[in-house]
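**Q** Line by line, the protein sequences are chains P and X.
Counting from 1, one number per residue, gives the positions in the first sequence under the working numbering.
Counting from 161, one number per residue, gives the positions in the second sequence under the working numbering.
Note that these hints are calculated values from the structure, not bench results.
The structure presented is a predicted model; accordingly, all values stated were derived computationally and were not measured.
Glycine included, C-beta positions come from ideal geometry on N, C-alpha and C.
Among the clues, some could well be false.
Claimed, not checked - Pairwise CB distance ranges, derived in the manner of DEER restraints:
1. Q211(X) / E127(P): 19 to 29 Å
2. G91(P) / S312(X): 53 to 63 Å
3. K210(X) / G52(P): 42 to 52 Å
4. D42(P) / F198(X): 23 to 33 Å
5. P38(P) / D205(X): 33 to 43 Å
6. F198(X) / G11(P): 26 to 36 Å
To be verified - To give a feel for the contact side, a few chain X residues facing chain P, derived at Cβ under 10 Å:
7. S174
8. R224
9. N305
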Amino acid sequence: MIPEQVANLIGKAQAPVIYEVERGAIKKYADAIADRNPLYWDEEHARNSRYGSIIAPPGFAGWPTQWTGAMPFLPSGGLRGTVLETMAKLGYPRVLDGGVEFEFILPVRADDILVGVTKVIDIYERESKGAKMFLSVFETTFTNQNGAVAFKIQQTLICR
Amino acid sequence: MSQQLYWEDVDVSSEVTPLPRIATTQMLVKWAGASGDFNPLHYEDTFASKQGVGKPIVHGALKRAWLVSLMTNWIGDNGTLKKLSCQYRGMDWPRMMKSLYEPEDGDTWWCKGKVTNKYVKDGEHYVECEIWVENAKGEKTTPGNATAVLLSRG
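Chain X extracted, bound-state conformation (with noise of 0.2 Å):
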């Protein structure tokens, strides 16, 4: 796991460590399965194309379960995620597969994340972010914001 974040490293307009991620059709597949949505629109062609999104697109709540992942893996085992919200703004198309293992060339997404504000409050040591996953085009498709509570050195 990674390291583990204290409070006192952090301040405003601070990093959070970039976690990059690749929607893979299998991707695609395997959140079917494991959330239960089993909506045609993420692995269906003509589906796809007459509900006028091309190709089929990346579910948005598995680009919210990245950004989960995103906070997680920043905030260490003994931070704690408070709240975490985000917005659907924009589709994003997942990698075809070259193998079973390996995808083809192609995009590669980055959940990103910053610092907004920190504080204590009832003794807890509290950081806000803003956060969201990037294209590669560098479209924000999924801003949202996070709060949670760091481990002190204090």
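Looking at chain P on its own, in the form it has when it is part of the complex (with noise of 0.2 Å):
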């Protein structure tokens, strides 16, 4: 049985997140990690590719790519905050990503304005060479201002 705290995290939402794909993030994005495909900056050839316009590597929806309480602008941690705390007090302070699963619905074009909803989808227990651990998984789906689910991402994190 896993400890009422912890249960009552499942299920549990973060307030809609409002991101902007703007061309410059998409380039910083794609000069950080090195990659020269045009898609992402050259607009004459994203015209004439079938996406008819720059769009966003596989994966990002936009700057910041992951809200935390470094950012002045977000009151708390958030729900991600939120489940780390609980974890810690109950004594597993230590946290791993333990990585994460993408499923991507439609591109995602410069310009598009997503909402990105995330949600706890389960937490479970592990036993590990005898030590207890607990993994949380978050799920994310971005909306776009079509109404429409550009992707979805699911993190799983490990708390010991």
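Assembly of the complex is requested from the two constituent chains, each provided in isolation within its own frame, with the hints serving as guidance.
**A** Printed below as a string of structure tokens:
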């Protein structure tokens, strides 16, 4: 049985966050990963492609890619912060990023405005080498200005 | 851009065209700014040392972004990436910079992959791949999976 404080977190959602997909942010991101794909920065190439305009690298929904408590315009660490605080109080203060899973549904284009909604979809316990750990699975769904889901991310955080 | 890849040219166990990447301290600074991940673990020696990782380490999400590039470069402009997942299993440390433009000599990372399945569903031509980032020691620090739809000659 997982503790009640933890069980109560499952299903919790964060207030929607708006992501503006700016050209400059796309270029900066492509530069940072050393990806020379002209779909991300060459207007003419992108116009003549099947996309018809500059697109974002899959997985990029605008800046920042992860809201943290280090950003003054976010009131707190958000949902992620709430989960991590709860885990720390229970004696699991060390956090590891367990990995991610993307599902890409539609291209994200420059000038898109996406709304990201993050939910805790599961928390479960696991034992490794006699030590208990909690795995929290967050899912973020990004919906574009046309009301269509563009992509989804599932992220697993491990608290030990 | 790379040449267009066709579904008919790919078989189970075909190689995804490998993509080399060099993590540098400069790249980590760029990634911090471009992604918004300002965890000092990735730029401050003392902090990283206190966290028990020695020197600042490469962001897991940066390696994940390399894997996206691996797939999009291989499938070409007319291929569509549908799914990608990865796990952060091992840590990597960036090269220092020799000059504004050039890194010191050191490790190169290779993003690699292999086709594990191909099929047609609802008229679309799919491939599934096992993908990973491999360090200079040959360790897969970031293994994962990807699914893409390729262009067909059919």
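**Q** Are the hints correct? Go through all of them and say.
**A** Going through the hints against the structure:
Roughly 24 Å separates the CB atoms of Q211(X) and E127(P), a value that falls within the hinted 19 to 29 Å. One distance hint, 53 to 63 Å for the beta-carbon pair G91(P) and S312(X), holds here, with the actual separation near 54 Å. At about 50 Å, the beta-carbon gap between K210(X) and G52(P) stays in the expected band of 42 to 52 Å. In this structure the supplied range 23 to 33 Å holds for D42(P) paired with F198(X), their Cβ-Cβ distance being about 30 Å.
Between P38(P) and D205(X), the C-beta spacing of about 37 Å keeps the proposed range 33 to 43 Å intact. A hinted range of 26 to 36 Å for the beta carbons of F198(X) and G11(P) is consistent with their spacing of about 30 Å. Among the interface hints, the one on S174(X) is violated; its C-beta lies about 21 Å from the nearest C-beta in chain P, farther than the 10 Å criterion. Here the hint on R224(X) is kept, as its CB sits about 6 Å from the closest CB of chain P, short of 10 Å.
Using the Cβ-Cβ criterion of 10 Å, the hint placing N305(X) at the interface with chain P is satisfied: the shortest such distance is roughly 9 Å.
Going through the hint list in order, the structure does not satisfy hint 7, though it satisfies all others.
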